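*Asks:* What follows is the residue order along each chain.
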Amino acid sequence: MNNHRAGYIYLALLLIGVIYILRLLQIQVLDDKYAVIAEKISLRRQTVYPQRGLIFDREKNLVVYNEPVYDLMLSLPIRLKGIDTGSFCEILEIDRREFDKRLAKAKKRSYRGKSVFKKNVSNILYARVQERLYEFKGFFFEIRQDRNYKYNSAAHVLGYLGEINRNQLKKQEEGYYEQGDYNGKKGVERFYEDYLRGVKGEKYFYVDKFGVNKGSYKEGKLDVEPIDGNNLFLSIDIDLQQYGELLLNNKMGSVVAIEPQTGEVLALISSPFYNPANFNIQNRGKFYSKAINDPTKPIFNRAVSAPYPPGSTFKPVMALIGLEDGAISENTHFGCPGYYKLGRRIIKCHEHTYSTSLQRSIASSCNTYYCNTFKSMMQLDKYANTEEAYNSWRNYLQSFGLGAKLGVDVSGEFKGWLMDPSFYDKMHGKDRWSYANIISLSFGQGELGLTPLQMANVASSIANRGYYFPPHVVKQIEGIESIPQKYLIKKHIKVSPSNFSPVIEGMFEVTKTGTGSGVAIKGIDIAGKTGTVQNPHGKNHSAYMAFAPVNDPKIAIAVVVEESGYGATWAAPIAHLMIEHYLQPDSVEVSSREYLETKMKNSNLIPVKYRELQDASLYGK
Amino acid sequence: MESKSRIDIISLFLFICIAAIGVASVYSATSEQGAYTLLEGRSGKQLMWFGVSAFLGIVIFLLNANFFEVFSWYFYVALMLLLVVVLVIGADINGARSWIRVGSFSIQPSEFAKYGTAFAVASLLSSIGVSFEKRNDLLKMLGVILLPAILIILQGDTGSALVFSSFVLVFYREGLTPLILILGLVVVFIFVVTLVYGGVYFSIGVLVILLVFYAFTYTNKNLLVPSITIAVLAILLSMSVQFLFTNILQEHQKKRIQVTLNLIEDNRGAGYNVNQSKIAIGSGGATGKGFLNGSHTKGNFIPEQETDFIFCTIGEEGGWVMSSLTIALLVAFILRLYHLASRAKKKFKRIFIFSLASIIFFHLMVNVGMTIGLMPVIGIPLPLVSYGGSSILAFSIFIFTALKMDATRDEDLISIYS
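Protein chains in written order, with the numbering used here: chain A, 1 to 621; chain B, 622 to 1039.
Honestly, the hints are just simulated from the structure, not real lab data.
Computed from a predicted model, the values in this text were never measured in an experiment.
All C-beta atoms, glycine included, are put in the ideal place defined by N, C-alpha and C.
Please note that a few of the clues may not be correct.
Pairs of lysine to any residue, SDA-like flavour, derived with a Cα cap of 25 Å [unchecked claim]:
{"id": "1", "chain 1": "A", "residue 1": "Lys209", "chain 2": "B", "residue 2": "Phe912"}
{"id": "2", "chain 1": "A", "residue 1": "Lys209", "chain 2": "A", "residue 2": "Leu43"}
{"id": "3", "chain 1": "A", "residue 1": "Lys221", "chain 2": "B", "residue 2": "Gly911"}
Label-pair distances were calculated between CB atoms; the ranges are [what the hints assert, rightly or not]:
{"id": "4", "chain 1": "A", "residue 1": "Leu11", "chain 2": "B", "residue 2": "Asn841", "range": "30 to 38 Å"}
{"id": "5", "chain 1": "A", "residue 1": "Leu11", "chain 2": "B", "residue 2": "His873", "range": "28 to 36 Å"}
{"id": "6", "chain 1": "A", "residue 1": "Leu11", "chain 2": "B", "residue 2": "Leu865", "range": "26 to 34 Å"}
{"id": "7", "chain 1": "A", "residue 1": "Leu43", "chain 2": "B", "residue 2": "Glu661", "range": "47 to 55 Å"}
{"id": "8", "chain 1": "A", "residue 1": "Glu93", "chain 2": "B", "residue 2": "Glu661", "range": "21 to 29 Å"}
{"id": "9", "chain 1": "A", "residue 1": "Lys200", "chain 2": "B", "residue 2": "Ile714", "range": "32 to 40 Å"}
{"id": "10", "chain 1": "A", "residue 1": "Leu11", "chain 2": "B", "residue 2": "Leu633", "range": "24 to 32 Å"}
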């Protein structure tokens, strides 16, 4: 009897053994939920950020480089037990309330088992916390690249990085970015983001229950090495850029210089400008509101965003159109009594010889000549009415790239003002306006607005005798065959090359005997045109457009100095100094230059009411 | 006849296999990767305890086999005294007063108490004239196992006390009426059903069954009284279960039972261990993550992993293959011990070895069962595998004593016939 009792016990034992082995089969082999949960609990993915592409100027001088920033992260769920929060707060220089606040926020915003506790920890703080990090289980650092700058220069061209916003995050197609990533917000950082950013890598590792790294997953088999971003070579000449920024010191205005043969932008300055280092990830928080509240608008990129009436700098364009359209010929003369009479209206001109040729009209900037030219064009027999004539005029301007964006790779480009005939229909009534209503367009006033970039592009087009390449600030992307195709397509001006010669001759006269002769540079043949732009809000804007050398143009330039006075007083000398600096950096003729240079550098043309609202720390001077 | 006194090679082989799995698992569960070797840290200590055990095993084999039988009650009494001493001078570890500090070591007398009790039970049951028919003898048997159990409960270690219920198997094997076992199973059944469905539904269920039963057998008046009695008893039992559960059990014990029965989910509190343990084992897959590569083991997610939850390491790193193999080895070892018991020629030896096998059986069932969520969490080690000097030493001595008894079984014949 006892033997089969023992048998029952053996049976019970075997039964338990079989049940357990089957149960193990179920949870280990048949049900893979536990493997998934285990990985969720203990497997962490860390993004390894690549080096963002460096940015050089056209002479391969390093301009923008990377600097690590440290984000203090925490691994979730966090166990505060065993962490001396007191000394943790002390090291971080925060109080307990701040700690709790950050913790609550971090818990709410967790993403893939981790969350940011404190962003942009300084180097010193990083070193201090890192040293004792083992005491604070669950906290760790994520290292990312912030930008730093070799020069306090070219902020508007370079742009800046910022945390990706929710909209971009949602809209992205490839799913490259994750919350908290940085991407280019402005300037080339934004336009060339896809090249600069590189490819993120990733690292998988296990953590223990405190979130401490316990070694790599599958010996790093799934890890992916990051690929560094492509370096960028700007077409900007950082030396010229800095020189121009120096000349525009304490002025509101802009300079754009273009290499005519290629459309490469050599300098693109908007003044006042901020120090680009003040707008990197670590500093922007501190400086952004200062920049916003500054009445001189240092963030606003005047070079591409601000439309100015071109004033007299427009006259060469008007002459070209007049010649091409048959309104005038190379030999057309108009008499100027010092004004142009339009019914009862008088349009003033300034003192010069009575009879003006085409060349002299440019050299001496005769308003009367262009009023006449414009009037003839608007009344040409080939046009059925003024609207048709206006449209023809407008078409010429459009071929210069006016009234539309040029597509430059700098943020904030504005198309400028070039009105549709319907604008005048609305203003005066359909068919109820004639040349008389729009005569001021002929000398660059009225409903016409060019950005300095467009102005420089006009200079470039004239320098090229009839064509331009869309201006751009990037010369080469390392590892990529070419810059975007659109910058390599030649755009033709609707003016035949032969018509350029008399106009260019006139522009050359400007610096030889005309309005710009007072600030001529010895040894360089410059074709230019001054402009004094009426400004209803204050002093006139000083404008100038030029290219040099006349017969083999290497640089085309446009300068606007707001609320300063005559074109010849400020814009022209600045343009000439820059041309000389670019073409003859080692010129021995220093004496004349030195005077102008000193004058430009030291003059403060910022309206007095604005000066006290400026914060020097923003400019980083 | 010395040549016949041979140790059972199969048992010894299984013992070594299980111990080896244990040392490797303890090493994996406690060592930081590459921080120290197998011979250092807890795995080193575990090896040392097996070394000490081997030495004691040799001593045991040098002793006369009859020594144990003669001194069995002394062992029992000495160990019971130790259980009393631990109540007085014991050190409090993890809320239980189960440890005596000796120099740098702590020993846990409750682990050795099983050994002493096995002697007492074997001695009592093998003495002439003892019978399961006599109430006095039954009370003695109950007393012999209840005394250590109560002393251990007083230490605050209910889990270790429950181990003494494995002697009921021994009593059954030796002639105790199966009604006790069946009653035990019925109590467990009523307990579980009451907790899962509630006392009211249980009572309604019993009454419905009674009515159905009555409807079919109402002609037979003889069945009426007993069936009503059984039904009333069942309902009373169910009510007392609820009383017991709500008023006697401590909060953590209640929760552990509720977690096991899936009545509550508490993966951060009472259910934390079991949940993490299931995740660790479950994530091991068919062949495991590889020795020293268990992410859950390395992450210290499971408390007590090198002791009570050592099976997690095996399951996670060795997968289904190793966890099944470990269970199979332990089952084989227990079956082998049952076989040694059955081939003993002396009743004393048979009962002693049978006690050992039943105790390991109980440990296996409860320990592995809790790690895979089939048993409530009861903190008892997996024999020869879990880390712990007292447990290793006590089980080793227990096993070597049993093997010594088996090795000398032929002398018993001689002594009878000489």
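*Asks:* Between the beta carbons of Leu11/A and His873/B, is the distance compatible with 28 to 36 Å?
*Replies:* Holds - the Cβ-Cβ distance for Leu11/A and His873/B, about 34 Å, lies within 28 to 36 Å.
*Asks:* Does the beta carbon distance between Leu11/A and Leu865/B stay inside 26 to 34 Å, or does it fall outside?
*Replies:* Because 30 Å falls inside the window, the suggested range holds.
*Asks:* When you check the alpha-carbon spacing of Lys209/A and Leu43/A, does it fall within 25 Å?
*Replies:* Cα-Cα ~11 Å, so holds.
*Asks:* That 24 to 32 Å hint for Leu11/A and Leu633/B (C-beta), does it hold up?
*Replies:* For Leu633/B against Leu11/A, whose Cβ atoms are near 26 Å apart, the range 24 to 32 Å holds.
*Asks:* Starting from the range 21 to 29 Å, see whether the pair Glu93/A and Glu661/B falls in it by beta-carbon distance.
*Replies:* For Glu93/A and Glu661/B the Cβ distance comes to about 42 Å; the hint is violated.
*Asks:* With 30 to 38 Å as the target window, see if Leu11/A and Asn841/B comply at their CB atoms.
*Replies:* Holds - the Cβ-Cβ distance for Leu11/A and Asn841/B, about 35 Å, lies within 30 to 38 Å.
*Asks:* Could you see if the CB distance from Lys200/A to Ile714/B stays within 32 to 40 Å?
*Replies:* Because 49 Å falls outside the window, the suggested range is violated.
*Asks:* Verify the proposed pairing of Lys221/A with Gly911/B, using a straight-line Cα cut of 25 Å.
*Replies:* The hint holds at about 16 Å.
*Asks:* Kindly confirm whether 47 to 55 Å is satisfied by the beta carbon distance between Leu43/A and Glu661/B.
*Replies:* violated, 29 Å
*Asks:* Please work out if Lys209/A and Phe912/B have their alpha carbons no farther apart than 25 Å.
*Replies:* holds, 20 Å
Violated hints for the displayed structure, listed by number in ascending order: 7, 8, 9.
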